[in-house]
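*Asks:* For the record, the sequence lines run as chains A and B.
So the first sequence is numbered by my numbering: it starts at 1 and just counts up by one.
So the second sequence is numbered by my numbering: it starts at 222 and just counts up by one.
Because the hints were derived from the structure by calculation, they are not lab data.
All values derive from a computational prediction rather than experimental measurement.
All C-beta atoms, glycine included, are put in the ideal place defined by N, C-alpha and C.
Among these hints, one or two may not hold up.
Covered stretches of chain B (in silico footprint by chain A; criterion: 3 or more residues with CB under 8 Å from a CB of chain A, positions within the stretch not fixed) [as the list claims (entries may be wrong)]: (1) 450-461; (2) 477-484.
In silico negatives: residues of chain A with every beta carbon more than 10 Å from chain B [to be verified]: (3) R38; (4) T66; (5) A69; (6) I118.
Here is what each chain is made of, one letter per residue.
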Amino acid sequence: MIVRHFDEELKQLKERLLSMAGLAEQAIGKSVKALVDRDPKLALTVMNEDAIINRFEVEIEEICLTLLARYQPEAKDLRTIAMVFKIVNDLERVGDQGVNVSERTLDLLKEPLLKPLIDIPKMAVLAQQMLKDALDAFVNQDADLARAVCRRDDEVDHLNDQVYHELLVYMTKDPKTITRAIDLILIGRHLERVADHATNIAEDVYYLVKGTTIKHRLAGD
Amino acid sequence: MIQPLVPKTVPSIVSRDPVVPADSAQVSLLAERLSAWFGHFQAVRDVTLQVHRNRVTAIIGPSGCGKSTFIRCLNRMHEVIPEARVEGKVWLDGWNIYEEKVDPVEVRRRIGMVFQKANPFPTMSIYDNVCAGLRLNGVRKKSVLDAAVEESLRLAALWEEVKDNLRAFGTSLSGGQQQRLCIARALSVKPELLLMDEPCSALDPVATSKIEELIYRLKERYTVVIVTHNMQQAARASDYTGFLLMGQLIEFGPTGKIFTNPSDSRTEAYITGRFG
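Work out the full structure, taking the sequences as your base and the hints as a guide.
*Replies:* Spelled out as structure tokens, the structure:
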């Protein structure tokens, strides 16, 4: 077995990706905590810290390009770099969703609470867990876990529908609730997008491990 | 381009003060306006290039671009060819190796070289091959030679394969092993810089990977300049890359930059296989 310094570079690339993923995951956690705790400072922190996630995206893309140019990787090495390239894009978008949630939160904090928050924190927990599992699947090269993450997207979609319909009722009954209700609907939507990004990442991980896709239900089960 | 630098220690290869001090913690060697001729043919044209310490610098370019001639100028190997001539300066730790009083043999001890085709001394054992340079320098003590042989072979990643068979002829080894033996031989005299002229071009891909990994690891202790017509090898193994074309240095920079975003369109055309 030949020791390749390329493996060391791949390892470093993966470590960078995981650092970025940690920040993206935290952005979602913090943004929802800011909403629940009615903490504008925390919401602002999330918005400021997004710049770090963005820098990670640019840096990791550059590393990927350099590794492709320098090593002409093949097979799984090639899939790894190609998928990391895609995964950083999803992670960067997750960070943006954290910013979106924070913006809506700052808006919501101008008025009293419309209703106790139940489903939205639940969605956040689910989406974060999906993200975490997708990254665990990446680290452990676990195709089964990646596939399981994709299946859980429906739960978050379902909760999002629930949030939407519930708030629709508020708005129909009392127009004064419209601003707040729309903000909450948007937050639900943003969290639903986080789960979508986690699903994308899980699909990429599945492809990385197996070399076949499960995207768009193309997998022959 | 050329920074005034102060040498840290007084080297032994010249007896007079340096005219242009040329060294720092980062730069190991500096070629300054170097030109080389074979008779009337100018093979290297006014090349100025810094070789960074503890880094691998690759020189790439199409056949006949002057890359081999260029590195042969770096340890005064070019001038051994009849009618060959060099102009310009090569600064090693603040000293121009082309100064009149400099002994070329001492230059070649401090700047080792590995060639395209592995060339172990055919009548010598593996052991004798590695310590040939030391013996030439007057080292006789067996314990010193033994230690140097083991250290050099370990550095060249060959020790494990030959340690039980050091008395076998160097030429009995495989091509890749012979090349690593030559690297060990070059390292045994503890050069400051190692020049490699197409060290893998006669080897199969597996032997090539081993040498490339070796080059990558050698930079922890040495500064390496490698000439290669294999662009992928330069991309994989080096930290800095220089592109030579018709004797001119077209572009020089960090390898990652040269291979993702070269500044000169001729570099781009060459590395993307559009000519050369």
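*Asks:* To test your reading of the hints: which numbers does this structure violate?
*Replies:* 4, 5
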